[in-house]
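Line by line, the protein sequences are chains G and B. Start counting the first sequence at 1; every next residue gets the next number (my numbering). Start counting the second sequence at 1001; every next residue gets the next number (my numbering).
None of these hints come from the bench; they were simulated from the model. Certain hints may be false.
[Said to hold, decoys possible] Computed, partial: chain B to chain G, Cβ under 10 Å:
#1 Leu1313
#2 Ala1315
#3 Gly1319
#4 Arg1322
#5 Val1333
#6 Arg1334
#7 Leu1350
#8 Gly1352
#9 Val1354
#10 Gly1355
#11 Ser1356
#12 Asn1362
#13 Val1364
#14 Gly1376
#15 Arg1378
#16 His1448
[Said to hold, decoys possible] Just so you have them, the derived chain B footprint on chain G, three or more residues with Cβ under 8 Å:
#17 219-232
#18 237-247
Model, not experiment: these values are computed from the prediction. Every residue, glycine too, gets a C-beta built ideally from N, C-alpha and C.
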Amino acid sequence: MSGPDVSEARPVRTVWKLERRAHAGPALAWGASIGAVVVAMALTGALFAAFGVDPLDALRRIVDRTLLDARGLSEVARRSIPLMLAGVGLTLAFRARFWNIGAEGQLLAGAIAASGVALFSGLPAPLLLPAMFLAALVAGAAWGLGPALLKVRLGVNEIITTLMLNYVAIYLVRWLINGPWKGTSLSGFAYSDPFEQAARLPTWAATRLHWPTLAVAIALAIAVAWLLARTRFGFEVRMLGASPEAARYAGVDFFKTTVALVAVSAGAAGLAGFGEAAGIHHRLVDPNSLSPGYGYTAIIVALLARRNPLAALVTALFLGWVAAAGDVMQVALRLPSQIVGVTQGLVLLCILAAEPVLRYRLARVEVPLAPPGADGRTAEGSAR
Amino acid sequence: MPSDEATGPPPLLQMTGVTKRFPGVVANDAVDLSVARGEVHALLGENGAGKSTLVHILYGLQAPDAGEIRLDGRPVRFRSPRDAMAARIGLVAQHFHLARRHTVAENLALALNDTPALFPTRSLRARVAPLADRYGFEVRLNARVGTLSPGEQQRVEILKALLQGAELLILDEPTSVLTPQEADRLFAAVEVMKAEGKGVVLISHKMDEVLRVADRITVLRGGRVVARREAGEADAGELATLMVGRTVRRGRRDAAPEPGAVRLRIEELRVDGEKGEPRLADVSFDVRGGEIVGVAGVAGNGQAELAQVLTGLRAPTSGRIRLDDRDVAGLNVRTLFERGVVHIPEDRNLVGVVGSMQVAENLVMRRHRQEPFARGRRLDWRAVGAHADEAIRRHHIAAPSRATVTKTLSGGNVQKVILARELDGRPGLVVASHPTYGLDVAATEETHRLLRAQRDAGAAVLLVSEDLDELLELADRIVVLFRGRVTGVLDADSVDRGDIGLRMAGQVGSDTDPTAHGGTGAVRT
Ligand SMILES: Nc1ncnc2c1ncn2[C@@H]1O[C@H](COP(=O)(O)OP(=O)(O)OP(=O)(O)O)[C@@H](O)[C@H]1O
Ligand SMILES: [Mg+2]
């Protein structure tokens, strides 16, 4: 490099300048996601310090109890399962710019349907789990279809309708467990009766890791990735998300495509509800215990993964770890439970803040201090 | 130039050694450009030569990797168009920069910083009216920009730049969708600016235009300046050769084959707009196989609606459309495409391509349901890739690779992607809106050749254009539209330009009650 000589010959001032970029590559997208997480963790550390807890010591203890311990690891994994299912589903919806904020309600709808089958269907034992699985899938999808139809037929904003249906689902569960489905065995508590053994998902060793659901989540992520990348449907979903006008010109059926993709997306959230009911609680319980906001956290999962379904597996593990770490914080560090929510909020904020990083780049600009003559341009030529 | 500085005042604009690299291309390679006060400086070059990039740098839309810009001798560095505007630089961009959800009046008000904070559009009408009148622009001040055709948007952009009263006006292909009369008026305005000692940078692919108004001409090729000419010493042929690096043969107006049977028959077509106002009414004409029918008219007189109805993007309110003796009125885009209707849409960037997708993907969209790209429900990316490489090569699309994000292509190259996709098969009906808008001389010739080849192969071709020269060169018959009604169906061989102009203005051929068709919403300001 002849840089020094050149700058001696031709005084050049280098300035840095933010510049719009046309396209951000995957390396940069990951960099921004990881950067967002690091900043969020630093901010959480500051929060810990404010509560009088040494952040580094806290981190060490959290890592000890979540990552360096088999039981802790299984807790991280089982927390990730609903996040994976709902999050992967949301990546599909978000790709088409269907802003589904209703995964929470769709999850609860799935849990209701699975519980209904478990408690009242009277199906023979071997059919019970498959029937619960299907019922949850259909119920979740149905919970999403209302908003989808309202959007494609009447142009109603799906953000509002999906969000409102979350509350409907929450109160529906509350009503069921306090009313018609209220358990007979534990009078006084608002639970349904427990599921029979055949309606419970197997878990890994003595943990709460209901591995069949985990397998379904991983398979779903692979399937959605394949769908998006390799099929006509996926191509049309991506066109719809990238440019509705061009998609129309390309003959994409807005109605059918939206309904189909929302069914998959919301159905996946319904499956998450099946996993929680059949794998963890074995009964229909209060919505707050059934899902500590998995459906909302799944939005972060999908956004942090930059709407990539395979990446959503990784980001779900990360947010599953945040949730598991929250348990440790409460129990071992005696921090308030809300701190988990605060951590998640910080992650989301940091992702949103990282967005401009993807849209702009820092460009190095050379400004000659004197008007260059004909030979002066070699300065740039040799900088290559 | 240093010598200028020694002799007289520094030029209005002096760009020196401007370099800009993008992944895989050097868009500007040490480009020098100077514009004196009272000068119109034309920037020529083939599609992808780097013209738009250079003016984007000048307007603060992009940062140069190297180089210097001086205005009146003072070095300047613009971080955004706001800075450029503050320095009294105006840009009529190739891709419009208007707020689509806002009305024309609101867009114009936004561009001015001396409008009152409350009801900014109120006083605007009074300011726009004389200006629009002077240039003969018909603008619908209350229409949302998103509902305007590109031609109408271009008028808004021009008005915006003129309202701002720039000292240095940059025009990036300003006349591509203007009628000749409107172009004349724009250039009259340019002459006034010249006389007032302002400067103009003009980018155009229309050689006659350039030779008429430019004082100096700079030719770019592959990002470098390859020639600089004074107006007097250049001729069209030489400039074309300099631009593309080889001689361009002008296509002949060859003898068309005898047209075949009627393939497209439109009868009493009526299309209403969003507010129930008629956008097309009583439209009836035929297109035969082996025939090119041109549609002439000022933008906003129903051409866009006609193209949309024929291609399934809009449903007709009433009337019949028959294609090869089958009723196709109201069929959807996909069915019509499968029946052989291809469409080069007017709004190429918004409708014609998905900007954020790869060139290869855009080369197969619409055809992605057909063999060999679709295998059942799956897509065969290998076939897509092979097709893309072939199309890029055959249509000379300047793209670093088939995986390039389409919106980073130059304006003309985006259009080449659409042309390659739509004109490659054996369609029955070709609906082409402004197909050569923004193409360089060589690509224009190539597109004309493709359209003629489709005609010769027996397709019915409907060519919507505001470029009369193009219509007269290609079309066998010309349908003139004015306020949604047909004011003439003329034989291209025996047509009189003045007659077409009068029909486009509605002064001849609109035999219906003049009050009946005022409903297009057009305000003659
Ligand atoms: N934002 C961008 N990112 C990557 N490449 C770009 C970008 N903008 C322009 N280019 C590339 O730079 C080159 C020059 O583009 P530019 O738009 O300046 O051409 P042009 O001379 O205006 O062509 P046209 O006549 O077709 O409008 C092209 O090869 C284009 O692909
Ligand atoms: Mg350009």
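Going down the list of hints, with the structure as the test:
For B/Leu1313, the suggested interface contact is upheld, since its CB lies about 7 Å from the closest CB of chain G, less than 10 Å. Nearest Cβ of chain G to the Cβ of B/Ala1315: about 13 Å, over the 10 Å cut. The hint is violated. For B/Gly1319, the shortest C-beta to C-beta distance to chain G is roughly 22 Å, which exceeds 10 Å, and the interface hint is violated. With a least beta-carbon distance of about 21 Å to chain G, the hint placing B/Arg1322 at the interface is violated under the 10 Å criterion.
At a threshold of 10 Å, the smallest CB-CB gap from B/Val1333 to chain G is about 4 Å, leaving the interface hint in force. Interface restraint check for B/Arg1334: the shortest CB-CB distance to chain G comes to about 3 Å, inside 10 Å, so the restraint holds. The closest approach between the C-beta of B/Leu1350 and any C-beta of chain G is roughly 5 Å, which is under the 10 Å cut-off, so the hint is satisfied. At its closest, the beta carbon of B/Gly1352 sits 7 Å from a beta carbon of chain G; the interface hint therefore holds under the 10 Å criterion.
A hinted interface residue such as B/Val1354 counts as satisfied when its beta carbon comes closer than 10 Å to some beta carbon of chain G; here the least separation is about 5 Å, so the hint holds. Contact between B/Gly1355 and chain G, as hinted, is supported at the beta carbon level, the nearest pair being about 7 Å apart and thus within 10 Å. Using the Cβ-Cβ criterion of 10 Å, the hint placing B/Ser1356 at the interface with chain G is satisfied: the shortest such distance is roughly 5 Å. For the restraint placing B/Asn1362 at the interface with chain G, the shortest Cβ-Cβ distance is roughly 9 Å, inside the 10 Å limit, so the hint holds.
A least Cβ separation of about 9 Å between B/Val1364 and chain G falls short of the 10 Å threshold, and the interface hint therefore holds. For B/Gly1376, the suggested interface contact is upheld, since its CB lies about 9 Å from the closest CB of chain G, less than 10 Å. Evaluation of the B/Arg1378 hint against chain G yields a held restraint, the C-beta minimum of about 5 Å falling below 10 Å. A least Cβ separation of about 24 Å between B/His1448 and chain G goes past the 10 Å threshold, and the interface hint is therefore violated.
A stretch counts as covered by a chain when three or more of its residues have a beta carbon under 8 Å from one of that chain; for the segment 219-232 of chain G and chain B the count is 3, and the coverage holds. Counting residues of the segment 237-247 of chain G whose CB falls under 8 Å from any CB of chain B gives 7; the rule of at least 3 is met.
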